[in-house]
Amino acid sequence: MSARGLARAGTVLYNQETGAKGTAMIKIPISAITPQPLLKDAASALLGLGCPFTIFGNLRQFENSAPTSAGGIILVDYDYAKSLPNCALRDFLAGLKLRYPRSLLILTAQLRATGGDAAMLESLDAGADDFLALDMNIAVLSAKMRAYLRRLAPERPDGATGAAVRLDARLRKVWLSDEGRWQEAATLTPREFSIFALLLGRAGQAVRREEILEDIWQARAGEVNAETVDKHVESLRKKLGRFGRKIKTLYGTGYYLDEAGGAGYDTRSHS
Amino acid sequence: MTRVLIAEDDEIMRAMIKAMLEADGYAVLEAGDGLQAWEILDRQGADLLVSDVNMPGMDGFALVRKARGDRRFRKIPIIMLTIRGEAESQVKGYNVGADEYIPKPFEVVVFMSRLKAVERRAAKP
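These protein sequence lines map, in sequence, to chains A and B. Just so you know, we're using the numbering used here here: the first sequence kicks off at 1 and counts up by one. Just so you know, we're using the numbering used here here: the second sequence kicks off at 1001 and counts up by one.
Bear in mind the hints are in silico, worked out from the structure with no lab data behind them. Take these hints with a grain of salt, some might be off.
[Said to hold, decoys possible] To give a feel for the contact side, a few chain B residues facing chain A, derived at Cβ under 8 angstroms:
| no. | residue |
| --- | --- |
| 1 | A1019 |
| 2 | Q1036 |
| 3 | V1091 |
| 4 | R1114 |
| 5 | A1117 |
| 6 | R1120 |
[Said to hold, decoys possible] Derived PhoX-like pairs (lysine-lysine); straight-line CA-CA distance at most 25 angstroms:
| no. | chain 1 | residue 1 | chain 2 | residue 2 |
| --- | --- | --- | --- | --- |
| 7 | B | K1066 | B | K1104 |
| 8 | A | K27 | B | K1075 |
| 9 | A | K173 | A | K231 |
| 10 | A | K173 | A | K238 |
| 11 | A | K248 | A | K238 |
| 12 | B | K1018 | B | K1116 |
| 13 | B | K1075 | B | K1124 |
| 14 | B | K1018 | B | K1075 |
| 15 | B | K1066 | A | K97 |
| 16 | A | K27 | B | K1124 |
| 17 | A | K97 | B | K1104 |
| 18 | A | K40 | A | K97 |
| 19 | A | K173 | B | K1124 |
| 20 | B | K1116 | A | K82 |
| 21 | B | K1116 | B | K1104 |
| 22 | A | K173 | A | K239 |
| 23 | B | K1075 | A | K97 |
From a predicted model like this one, the values you see are computed outputs, not experimental measurements. C-beta atoms are modelled at their ideal positions from N, C-alpha and C, and glycine is treated no differently.
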């Protein structure tokens, strides 16, 4: 599927590679309301998030298909919002907020040069939850979208009740629950522990190999082959036994921790 | 009153941000480095964190990662504020858990508008 084809309005887009494999992936819908085609790179970045992504040519199309109870990210083209007759930007956003109170309302400009800070300030002052210029660096756009998704993700199960795994960051130890009885897992190496903590911290969300490298190896990330991550994850899976099967591979992308079955976790100290 | 913790080692910048926030009705807690910021966060808590990246002891990335790893601060709005505006640094900021990344220098009105937008995003049910 070409990126150009992804950007047309009126089509429902879904990235099978990063989204469809995980039954418990958090699938927060992303909608773009824009009469003009999205920039190719921006469309690819949005699609790459692994969430259901739909482009609507106008507000009516969107309202006809989106249930108001649903939370999600609604991207609205700034020029389109400004062009609506007899409707100030503030009123337009207030109306959308009333109908979609659980959603993030983000105004977008195709090119920063056409709007700049003035369009951003006008949008934020009118009540938009953010303003994005879609010609920004694509890696930054993806990272910012993931920050929105984190915001909208439901709270994970808390505390020991029902938890399937406990971590002690200080002692670098892991306990796993087997039918209510806690058992200490095999000793993890520092990197295995860090990778596991990272996946747990973003349970249910895709974590790219590059992010793991960046987070765990930090300044040395550029010197380490992505296959090294795969080897650590494979070892981690073995050491975690049955729980290891919850670490799912997203082919060509990275990993995510499957939350199916209510796998809560607890990262307090249990020394 | 919303309590904002400012982690910033540059005293002049910290005083300027403090003045902006207090003029808008926020209460401000101040830390001169990441470790001090973590101590304040751990003991007193805060409603919003504004953190510089380059700080002695514990840098802003480490501070944000530590905060997000603690369930008390998993949902606290976090803004990173830094002269390191390059894409890699911004991506890292978002990846460790920041909600917003504002490069310095910035206009007061831009900073306050984006801070309020971050608060709105954090307030979503």
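Evaluated hints:
no. : hint                : verdict
1   : A1019               : 20 angstroms, violated
2   : Q1036               : 21 angstroms, violated
3   : V1091               : 4 angstroms, holds
4   : R1114               : 7 angstroms, holds
5   : A1117               : 5 angstroms, holds
6   : R1120               : 5 angstroms, holds
7   : B:K1066 <-> B:K1104 : 23 angstroms, holds
8   : A:K27 <-> B:K1075   : 19 angstroms, holds
9   : A:K173 <-> A:K231   : 20 angstroms, holds
10  : A:K173 <-> A:K238   : 16 angstroms, holds
11  : A:K248 <-> A:K238   : 13 angstroms, holds
12  : B:K1018 <-> B:K1116 : 15 angstroms, holds
13  : B:K1075 <-> B:K1124 : 11 angstroms, holds
14  : B:K1018 <-> B:K1075 : 22 angstroms, holds
15  : B:K1066 <-> A:K97   : 33 angstroms, violated
16  : A:K27 <-> B:K1124   : 17 angstroms, holds
17  : A:K97 <-> B:K1104   : 31 angstroms, violated
18  : A:K40 <-> A:K97     : 28 angstroms, violated
19  : A:K173 <-> B:K1124  : 35 angstroms, violated
20  : B:K1116 <-> A:K82   : 22 angstroms, holds
21  : B:K1116 <-> B:K1104 : 18 angstroms, holds
22  : A:K173 <-> A:K239   : 12 angstroms, holds
23  : B:K1075 <-> A:K97   : 21 angstroms, holds
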